[in-house]
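**Q** Protein sequences appear in the order of chains A and B. Take the first sequence: its letters are residues 1 to 83, numbered as in my numbering. Take the second sequence: its letters are residues 84 to 489, numbered as in my numbering.
No lab work stands behind these hints, which were simulated from the structure alone. Just so you know, not all the hints are guaranteed correct.
Said to hold, decoys possible - Facing chain B, a subset of chain A residues (Cβ under 8 angstroms, in silico):
hint: 1; residue: 25
hint: 2; residue: 27
hint: 3; residue: 28
hint: 4; residue: 42
hint: 5; residue: 43
hint: 6; residue: 69
hint: 7; residue: 70
hint: 8; residue: 71
Just so you know, even glycine gets a beta-carbon here, dropped at the ideal spot from N, CA and C.
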Amino acid sequence: MTERQPLIQGAFVTFRVHVNPDKCQGHNRCYSVSPELFDLDELGMSNEVGEGLVPANLVGAARLAVANCPEHAISLIQAEGES
Amino acid sequence: MTNRHPPVGDFASDFDHTDPAWVADPFPIWADLRQRCPVAHSDRYGGAWLPVTHDLVSEVAYDHEHFTSRSVVVSNRRPGPDDLPAPIGVSPPISSDPPYHGLVRRMLLPAFTPKPVAALEPFTRDLCRELLTATEGRPSFDAALEYARHIPVRVIVKFLGFPQEDADMFRSIIRLVLEEVDLPPTEREERFTAVDAYMDAQIEDHRAHPRDDLTSFLIDAEIGGRKLPVEQIRGTMVLLMVAGIDTTWSAIGASLWHLAQHPQDRRRLAADPELMDTALEELLRAYAPVTMARLVAQDFDFHGHPFKEGDWLLLPFPAANRDPAAFANPEQVQLDRARNRHAAFGLGRHRCLGSNLARMELRVALQEWLARYPDFELADPAAVTWSAGQVRGPRTLPVTITGNGR
């Protein structure tokens with residue numbers, strides 16, 4: 001199940017990262033930015049760790065992984081949010 | 084290489100990537116073309132095209148229908164009927180197309196993930212230190228010839244498990260493949276026969292005494308349940324040398340060229356080791372060494388340009404990396420650039436197989452250099468020379484050590 005991350009103003013937001021396996025070419029930029037969030041298979045292709053849940057302290061790293069992927073293979077999804 | 088081509092008047096209609104103006108400083112040429120074209124044409128080499136924006140470079144890199152990687156180095160000679168057919172190519176996977184490309188690439192990928200690359204790091208670090216020690220006490224020396232040049236060749240020789248003393252021979256193989264294309268055919272053939280004999284001997288030795296290196300990996304590798312024929316093992320080794328040596332030499336040299344002229348960047352990097360992660364990517368973006376090429380596979384209209392089957396297309400990843408539509412202030416090197424989706428290692432299926440290895444070598448080479456020589460400058464900016472062709476980097480780089488060194 002998902003954990004909820006408290007943000008300022010008392011809102012709870014859950015972020016998930018996902019690597020599109022059809023787009024990933026194994027640049028390994030995401031793995032280099034955040035080995036906590038991404039894992040490599042035996043071919044060096046990336047996939048999200050577990051269900052891709054992003055702990056609050058790694059939301060910035062997740063955004064950087066998205067912004068540095070040359071293949072636009074990574075998405076960061078705001079899974080749910082409520083106040 | 085001497086330039087035998089007539090000088091270029093207008094790069095928009097007559098470009099030549101071996102022209103001295105391009106070789107010395109291609110960035111203003113690309114910036115100008117980006118405003119005016121952005122797809123340049125040339126009748127040289129039997130007809131060639133040049134897109135210079137990030138969007139267009141990406142579009143071509145992802146389009147395997149209209150473009151083929153049957154040959155990736157522009158020359159006056161196109162692959163002819165006697166050459167191996169497209170699905171196999173001369174040195175797969177770089178010069179092959181789907182679906183064969185994917186099979187060969189899958190076979191090679193496990194050898195180039197971060198883990199096996201990390202195993203080569205201690206060797207690389209010792210090598211860099213040894214090269215730097217050899218320069219100690221000298222007020223100036225050539226950073227390209229005495230430092231950068233030796234690193235990738237000796238790392239690949241180590242990776243393949245060949246004797247270190249054969250590094251010079253590897254360099255002659257690269258020259259044979261890339262530069263000495265105008266040798267008389269019989270002489271070229273003789274040279275290739277000698278190279279084949281050398282590699283066969285190494286392969287035989289590895290068959291008799293398997294070890295934990297790339298040669299043994301290739302001997303054990305299978306595609307579709309079959310071991311590789313010896314020609315393909317040799318072809319793969321030549322590919323790794325050609326793709327991995329001049330390119331990484333260029334990236335290390337160009338990074339040192341930048342640092343020599345930017346004392347602030349140098350000191351920042353020396354003072355803050357954690358900056359290296361973003362700095363490495365930024366130096367790769369700004370000084371990406373490799374421009375690839377494609378052949379047009381069929382007649383079609385590319386954004387209003389009549390592309391004809393067999394036309395060359397230069398794929399300048401370094402130009403894509405300087406496109407203001409894709410990067411804020413692209414002409415500025417910002418070592419802490421956090422959002423950096425650069426294409427130095429290409430895009431799509433042909434992403435540089437050795438990118439992890441190249442990054443490790445560049446990182447270690449810069450770390451060790453800065454630890455020894457935090458302060459240095461160009462001895463004579465006019466004496467710096469750059470390679471001509473599709474791999475760009477300094478080939479002579481005289482530097483003066485300005486501090487005491489360490």
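**Q** It remains to establish, for every hint, whether it holds in the given structure.
**A** Checked hints:
| no. | hint | result |
| --- | --- | --- |
| 1 | 25 | holds, 4 angstroms |
| 2 | 27 | holds, 6 angstroms |
| 3 | 28 | holds, 6 angstroms |
| 4 | 42 | holds, 5 angstroms |
| 5 | 43 | holds, 4 angstroms |
| 6 | 69 | holds, 7 angstroms |
| 7 | 70 | holds, 5 angstroms |
| 8 | 71 | holds, 7 angstroms |
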